[in-house]
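Engineer: The primary structure of each chain is shown beneath.
Number of protein chains: 4
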Amino acid sequence: MFSTPAMTALFSGRAFVERMLVFEAALARAEARVGLIPGEAAEAIAARCRIDLFDLAGLFGESTAAATPAVPLVRMLTALVDGEAKRYVHWGATSQDVTDTAAMLQVREGLDLLTARLLAAGETSAVMVEEHRGTLMAGRTFLQQAVPISFGLKAARWLALITRSATRLRTVRGGAATVQFGGAAGTLASLGAHGEEVTANLAEELGLPLPDLPWHAERDRIGEIAAAAGIAAGSMAKIASDLVLLSQTEVGEVSMPGPGRSSAMPHKRNPVQATEALAASRLAISAAATLLGGMGHEHERAAGALQAEWQALPDLFRFTAGAVEWVVAALEHLEIHPERMRANLEQTGGLVMAEALTYAMAAELGRPEAFAVVDAVVMRAGAGGISFREAALANERVGAVLSRERLARVLDPASYLGSADAFIERALDGYRQLRASRQRCLTSSTRGSSATRSIHRIVRGRCSPCTAATRCHRKNAAPARPA
Amino acid sequence: MFSTPAMTALFSGRAFVERMLVFEAALARAEARVGLIPGEAAEAIAARCRIDLFDLAGLFGESTAAATPAVPLVRMLTALVDGEAKRYVHWGATSQDVTDTAAMLQVREGLDLLTARLLAAGETSAVMVEEHRGTLMAGRTFLQQAVPISFGLKAARWLALITRSATRLRTVRGGAATVQFGGAAGTLASLGAHGEEVTANLAEELGLPLPDLPWHAERDRIGEIAAAAGIAAGSMAKIASDLVLLSQTEVGEVSMPGPGRSSAMPHKRNPVQATEALAASRLAISAAATLLGGMGHEHERAAGALQAEWQALPDLFRFTAGAVEWVVAALEHLEIHPERMRANLEQTGGLVMAEALTYAMAAELGRPEAFAVVDAVVMRAGAGGISFREAALANERVGAVLSRERLARVLDPASYLGSADAFIERALDGYRQLRASRQRCLTSSTRGSSATRSIHRIVRGRCSPCTAATRCHRKNAAPARPA
Amino acid sequence: MFSTPAMTALFSGRAFVERMLVFEAALARAEARVGLIPGEAAEAIAARCRIDLFDLAGLFGESTAAATPAVPLVRMLTALVDGEAKRYVHWGATSQDVTDTAAMLQVREGLDLLTARLLAAGETSAVMVEEHRGTLMAGRTFLQQAVPISFGLKAARWLALITRSATRLRTVRGGAATVQFGGAAGTLASLGAHGEEVTANLAEELGLPLPDLPWHAERDRIGEIAAAAGIAAGSMAKIASDLVLLSQTEVGEVSMPGPGRSSAMPHKRNPVQATEALAASRLAISAAATLLGGMGHEHERAAGALQAEWQALPDLFRFTAGAVEWVVAALEHLEIHPERMRANLEQTGGLVMAEALTYAMAAELGRPEAFAVVDAVVMRAGAGGISFREAALANERVGAVLSRERLARVLDPASYLGSADAFIERALDGYRQLRASRQRCLTSSTRGSSATRSIHRIVRGRCSPCTAATRCHRKNAAPARPA
Amino acid sequence: MFSTPAMTALFSGRAFVERMLVFEAALARAEARVGLIPGEAAEAIAARCRIDLFDLAGLFGESTAAATPAVPLVRMLTALVDGEAKRYVHWGATSQDVTDTAAMLQVREGLDLLTARLLAAGETSAVMVEEHRGTLMAGRTFLQQAVPISFGLKAARWLALITRSATRLRTVRGGAATVQFGGAAGTLASLGAHGEEVTANLAEELGLPLPDLPWHAERDRIGEIAAAAGIAAGSMAKIASDLVLLSQTEVGEVSMPGPGRSSAMPHKRNPVQATEALAASRLAISAAATLLGGMGHEHERAAGALQAEWQALPDLFRFTAGAVEWVVAALEHLEIHPERMRANLEQTGGLVMAEALTYAMAAELGRPEAFAVVDAVVMRAGAGGISFREAALANERVGAVLSRERLARVLDPASYLGSADAFIERALDGYRQLRASRQRCLTSSTRGSSATRSIHRIVRGRCSPCTAATRCHRKNAAPARPA
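Residue numbers (my numbering), protein chains in the order written: chain F, 3 to 485; chain A, 3 to 485; chain D, 3 to 485; chain L, 3 to 485.
Take these hints with a grain of salt, some might be off.
Which copy is meant is left open, so a pair is good if it fits within one copy or across any two.
What the hints assert, rightly or not - For lysine to any residue, the following SDA-like pairs were computed, each having C-alpha atoms within a straight-line distance of at most 25 Å:
1. LYS88 <-> PRO370
2. LYS88 <-> ARG442
3. LYS88 <-> LEU55
4. LYS88 <-> ALA416
5. LYS88 <-> ALA402
6. LYS88 <-> LEU212
7. LYS88 <-> SER389
8. LYS88 <-> GLU366
9. LYS88 <-> ARG391
The set of hints was computed from the structure by calculation and includes no laboratory data.
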């Protein structure tokens with residue numbers, strides 16, 4: 003209920019084993035390239051790195067006992083490989099090299115999935131922004147009507163939030179989700195003098211960024227990934243919260259037709275999509291906090307905090323995906339009711355224009371005095387059963403500064419939108435730049451070494467656009483972020 | 003106990019009011035530059051933006067009642083400004099513009115403080131790295147001895163973590179800590195057509211980056227700041243955790259002379275500095291999680307989640323500073339005991355060289371068979387009251403592959419450090435690049451507009467190097483990050 | 003802003019030192035009672051346990067360095083005590099005995115403060131419950147109007163929540179907040195054979211419950227305290243959330259006159275009290291989570307998790323107090339608008355009575371068929387610009403089951419309140435029982451040993467009703483827990 | 003990896019649907035008992051409340067769309083029931099009544115599972131306590147050797163922690179895990195005058211405690227459940243943390259033979275069970291914090307926070323079960339090495355007896371002077387390459403107070419255990435009382451109404467001892483709470 007099929011599949015046990023096998027194959031090839039193991043051995047190993055050859059139930063059972071899936075995986079893979087090649091399986095690596103790198107392969111794809119769906123939310127938002135530039139509604143602070151805004155601006159703020167969230171995910175993809183390779187305790191002693199070269203080859207084979215050092219017990223990158231996804235999830239909470247509030251019976255400015263029926267009440271139409279987005283967002287942020295809180299790994303490999311990541315990292319991606327997807331669904335089904343927006347804006351009899359009146363007079367009277375005059379108008383309206391508009395008309399001080407015609411214009415919400423349009427343009431521009439830059443990455447994805455392609459074929463049956471995208475990211479590192 | 007005097011002062015109520023006044027002065031000037039208010043009014047306002055003119059106790063008292071310090075501040079400032087200028091105080095701004103921007107001014111300086119102290123930790127670490135390149139010790143996974151490493155490598159991993167943490171803080175400083183200016187509900191309607199220009203001027207006056215849109219209810223930037231500081235705090239936990247574990251009575255590889263006496267036990271020397279770093283780190287990460295969990299702000303300004311930031315953001319910086327400072331203190335007082343490291347490495351009678359022996363034979367026998375042979379040696383040593391070394395010498399299969407001389411070399415921990423030196427170089431390089439890039443920023447800091455300088459003089463009595471540094475950041479955005 | 007003066011004072015550094023001195027005095031007396039130290043020495047020590055004799059700034063400075071305030075406190079107290087008595091200061095105790103017990107003395111008083119203020123909230127709620135038993139309003143699920151309720155019932159649910167929260171705090175006060183006394187590592191070896199007896203005397207002197215064992219590194223009791231306060235804070239969030247939502251401009255069913263002005267908008271009346279309650283509640287729950295997350299203390303005393311409690315436990319109480327107090331303020335200033343409640347209920351043209359109509363017909367048609375008929379009525383009303391009431395009148399199937407008179411009664415919200423009144427009675431009863439039981443405790447507080455009274459006089463200048471209350475709790479409540 | 007098969011099954015989707023059906027059957031019977039629906043209808047409904055009649059995949063699919071599994075369940079059940087009885091399915095209930103009560107049925111069983119496994123841990127601990135009363139080891143504070151303790155005392159503290167944790171779970175089971183029944187918005191309007199009576203019948207049918215009021219949006223009970231389980235998980239972290247630290251290569255006082263092999267290092271024996279307990283504990287506490295942080299439910303049913311419970315509550319129980327089970331496994335496989343304990347105690351050359359020496363002389367010299375003398379001895383030992391024992395022997399002030407024979411006795415760790423034995427007795431007593439009280443509950447479980455039995459047979463194929471146990475709890479424990 004709180005995730006998507008694609009993300010659930012990506013972070014399944016099976017998909018994790020697949021990526022561990024991608025690691026083992028890439029490792030063998032990376033080592034063959036420097037002559038550490040024979041080329042035929044590497045190919046023989048890679049040829050057995052096929053998920054369908056493995057007894058997954060058995061592997062998961064042993065994983066629990068061994069506290070890592072790497073031990074049974076290596077045992078099983080070794081048994082599958084014939085002859086001489088058997089000798090070179092998992093050469094020089096430690097369990098955590100396999101599990102961390104497999105996790106980073108999932109993370110890379112998970113970030114791509116999130117980005118793609120954020121862009122879907124962006125696309126829908128962008129359309130709403132354009133369409134509702136001029137749709138007036140109440141801006142609300144502390145949930146009280148404050149001054150008019152346009153629904154286009156509100157959607158533009160969602161769009162900018164989506165754009166920034168997606169940009170952050172792409173930055174992390176090109177930076178933090180690096181290969182892990184350090185051997186038993188981070189020295190790569192088992193590779194003799196070949197450690198650095200093999201690591202570089204491995205990163206190339208996998209299309210993952212190369213880290214400065216192995217990071218078995220330095221989990222700041224995990225923290226970065228957690229933060230980027232958690233912030234995306236928190237951003238979804240902002241949008242969903244707005245949607246739930248706007249769809250209240252008494253507000254009624256949007257509705258989300260869909261399946262939100264009640265088992266007891268025939269008339270109920272619950273804002274189901276926004277509700278589930280809020281739930282998923284809470285769960286995602288909780289997973290992010292668990293990861294941030296578990297960075298103090300002991301010595302060269304942790305006892306406890308590391309293993310907890312195996313649950314929390316998949317949870318993070320699953321629930322963030324759920325939050326994004328439910329926001330997509332909410333936005334795609336959104337019905338917008340400009341007439342209710344307008345009616346709500348009128349509900350206070352013009353009170354929502356109090357600031358506008360203040361500033362209209364402030365040029366003449368100064369802000370403090372204008373504030374005091376309008377305050378008196380507000381009091382009069384409150385006390386006397388007349389509207390703010392009527393009270394303003396009746397106020398002498400107001401009349402002394404503003405003619406009736408000018409007052410009417412001042413009290414027209416449409417006249418008081420300030421820079422809303424400019425902000426809308428910026429949000430649209432930022433989004434379009436992101437979309438275009440991503441398009442370029444995807445287009446350039448036909449590149450990539452044949453070795454990489456064949457490895458990825460194991461997992462996904464196709465050449466991955468992600469690899470090239472990663473490189474593309476790395477070259478341009480985050481130049482476009484909207485700050 | 004869990005912070006530093008400098009950070010406590012920076013995030014004090016008084017310092018916050020000072021920065022609110024910096025905002026009000028900069029706002030007036032920014033508006034005067036576009037002719038929205040008279041230039042003399044701006045200067046008259048700026049002249050009263052002096053903390054010593056304000057009754058702070060009264061201001062804080064009213065803040066509680068008004069749920070924001072901006073309301074009493076504006077009231078008091080208006081009262082202080084004479085004549086015509088009074089009219090233009092706080093023109094077009096809303097409370098949250100003042101409080102958010104003041105907070106970002108604190109954040110910018112807070113990030114600088116953290117960076118400076120992280121570099122102090124880096125400096126000490128770098129010296130240890132150089133000195134202890136060849137100091138052998140046990141690498142430990144699951145807190146069990148695994149294979150040899152050098153203390154230099156362990157310190158290099160701390161150094162790389164510090165470097166990455168500092169780099170992250172600088173990225174956030176140049177990106178997320180932007181000016182906030184949106185007026186009542188984010189349209190800047192009160193400024194008519196001047197909204198964008200005034201915002202740009204304001205950003206320039208304050209030396210803060212310009213955001214894409216006002217962000218009253220979109221708190222992803224707060225999330226980014228929380229994450230960067232939280233990750234720095236979590237990184238301190240890693241270092242401190244290592245220090246506490248290394249200083250255990252039974253391990254004794256480091257000690258932290260200092261004030262860690264007991265009220266009951268004359269002999270106790272507690273690892274006080276590392277302990278307090280761990281405590282402060284927990285508290286900092288908790289504050290980060292609070293901020294990440296509070297991103298779902300309602301409509302155009304939140305009721306609750308916003309106000310909670312006023313406690314959680316200062317807490318985040320205070321406790322992160324505490325964590326960093328206690329790590330600095332721990333490292334500066336650190337006594338390293340190479341002889342205990344060596345003795346601990348010997349304690350297992352050579353077991354810690356089991357992997358080395360495996361790989362020495364694996365070239366001949368293949369990894370699986372070599373593993374099995376060494377496993378038998380391990381069992382023999384465990385069962386028979388003889389050391390691993392003796393058991394290896396006695397094993398026929400071992401003898402068939404390795405001569406006695408070769409075996410002796412294989413079992414020498416110094417021969418099994420792999421890429422440790424290369425990794426050390428990378429950590430040192432990364433750190434030096436960061437240090438140099440920061441130096442360039444600081445040197446270029448004599449630039450900056452006179453307006454900016456004078457504003458900053460209000461707060462700090464001197465021209466701020468931060469302003470230029472910010473610009474420097476913005477030009478080079480994060481080119482050097484170690485991925 | 004997020005606490006109260008009383009709680010801030012109770013959890014100040016000064017108040018903590020006061021309670022450490024209460025411990026030292028009580029310890030001396032407890033030891034004198036078994037002859038471990040001379041009676042005159044005990045009185046001489048107790049006589050110097052006066053906060054005004056201590057240099058607090060110096061003490062706090064040394065605390066940081068020593069990682070505990072107990073070390074400088076014992077040093078200073080020893081210096082203050084003359085002659086022979088000096089020998090017996092802090093006899094047999096360890097730093098954590100002092101700090102933990104002092105914290106439990108704060109906790110006990112903190113729980114009393116919270117309980118008292120919760121009862122203040124209860125008192126106000128109870129009045130509202132009585133007054134608004136018959137005030138109809140919409141019940142809302144998913145923020146959508148569902149069926150009618152009464153405002154009295156909503157307030158009764160708040161009241162029951164308050165009652166349960168206060169009861170939980172009292173349970174914890176009588177159970178979890180026990181004395182701590184274990185000596186250096188929990189054996190009380192320094193007391194020879196007198197350990198248990200002295201502990202019992204100490205508990206009696208302090209009026210704190212006696213634990214089963216010393217609990218230096220077993221922090222489940224801290225977890226219990228955290229949970230009870232955290233749940234109270236979370237309960238305040240429920241009430242405050244309702245208040246913010248009810249006070250929305252478009253809902254307008256309550257308002258909280260008070261200081262919630264805007265710096266920009268003269269007409270704004272923000273629900274300040276409820277907003278601050280929500281902020282304080284978030285902060286309190288974050289502190290509770292920090293405490294729950296820090297229970298894994300190492301060996302006989304922790305390095306890090308223990309020290310973090312010194313910040314998190316005071317934060318917990320401070321912010322919970324803030325949450326409670328702002329709810330008290332909100333409720334005391336609450337203006338209730340029954341006419342808006344009624345108008346909102348009418349707003350849907352009777353849709354809110356859809357379930358009522360379903361069940362009125364279900365007796366005849368069965369629930370599924372009745373649901374389908376009413377569904378058709380709902381659709382008709384939605385499509386046709388007529389109200390639900392009109393659509394119901396026009397529906398043949400409805401007409402076949404219900405006469406027009408019966409239908410009118412069925413569609414009257416007042417007829418569809420079910421057990422609301424019974425639930426209201428239960429909430430009132432539960433609250434009254436709690437109030438009465440607490441009254442009995444307070445009345446019996448003239449008891450208590452003279453030793454206890456004199457110790458408490460040191461701290462508070464008066465005999466504490468809490469002591470007797472504690473005993474009262476211990477006699478009547480939760481007798482079977484191992485506490 | 004972080005849970006148990008039993009708990010995973012209990013909190014599976016299937017098991018949840020089973021319990022929803024138990025609710026629907028019990029509801030029908032409860033209503034038939036007051037004549038609200040025909041008795042035959044109730045039996046006809048109950049007869050179809052069989053999980054194997056339901057298309058679970060279809061049900062889960064619809065659940066996502068409807069944001070609740072109750073809507074499709076009621077639809078499917080209605081379709082399964084024939085004739086007249088169909089009319090009375092789900093009579094008067096709302097979705098949340100079903101889901102909350104089904105969750106409480108899971109919680110009740112989950113608490114029983116946790117309690118049973120905690121007692122298994124207790125049983126093993128109790129044996130260790132008895133066996134190792136006299137096994138000396140170092141007590142450690144700040145991970146530094148402090149004074150001697152016995153391993154029996156350490157295990158006794160674990161035992162007491164386990165006992166208190168289990169007691170807390172039982173308290174919650176008898177109190178907080180109540181039936182939920184409120185109808186659409188908590189008034190039970192759909193039941194007319196029968197609301198209270200049906201609720202009481204329903205509670206009886208299900209063997210769940212009766213709450214004061216329906217609690218759709220008042221989630222303090224969820225908070226209580228979260229806290230009790232979270233504290234149990236945190237307690238497991240304490241034990242597991244001790245075990246990991248004791249099993250370090252350099253400490254070696256315990257080992258946990260088992261499957262903890264390395265994929266790279268033949269000699270490694272990782273403390274797998276304790277490691278996984280630590281990981282599961284982190285995850286459980288994170289779920290508890292999510293639940294505590296989600297108590298601010300809106301109005302009469304929440305949008306978001308409620309739905310997040312559906313993930314977090316099962317997670318809480320799954321991971322707490324994992325933490326408990328891994329501690330059970332660790333304790334059951336624990337090998338204790340008294341000789342290493344003794345050797346470590348000797349390692350400091352007697353320094354660990356510094357406090358003992360202090361107090362031996364303090365009777366004569368007073369504590370401050372004795373402390374100073376011993377401090378000098380400590381310094382001498384540290385500086386001079388001689389042991390603390392030798393330095394003590396050589397010190398004149400020591401010699402003046404203690405004869406050589408007396409000094410030898412003072413420096414014997416076995417002489418300095420204070421109240422350790424008494425504390426051990428208390429821990430054993432507390433545990434035995436809990437075990438006996440639980441036994442009584444289980445024995446009395448043959449009682450229970452036939453209706454209850456038949457309902458439970460649906461789910462579990464046998465009469466549940468839990469039902470009677472619940473009653474037993476309700477009679478004996480926590481009678482005054484408003485439940």
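Engineer: If a hint holds in the structure, say so; if it doesn't, say that too.
Structural biologist: Cross-check of the supplied hints:
no.	hint	in the structure
1	LYS88 <-> PRO370	between (84 Å within a copy, 8 Å between copies)
2	LYS88 <-> ARG442	neither (42 Å within a copy, 54 Å between copies)
3	LYS88 <-> LEU55	within (16 Å within a copy, 51 Å between copies)
4	LYS88 <-> ALA416	neither (76 Å within a copy, 29 Å between copies)
5	LYS88 <-> ALA402	between (95 Å within a copy, 21 Å between copies)
6	LYS88 <-> LEU212	neither (28 Å within a copy, 59 Å between copies)
7	LYS88 <-> SER389	neither (87 Å within a copy, 30 Å between copies)
8	LYS88 <-> GLU366	between (89 Å within a copy, 13 Å between copies)
9	LYS88 <-> ARG391	neither (87 Å within a copy, 28 Å between copies)
Hints 2, 4, 6, 7 and 9 from the earlier list are contradicted by this structure; the remaining hints agree with it.
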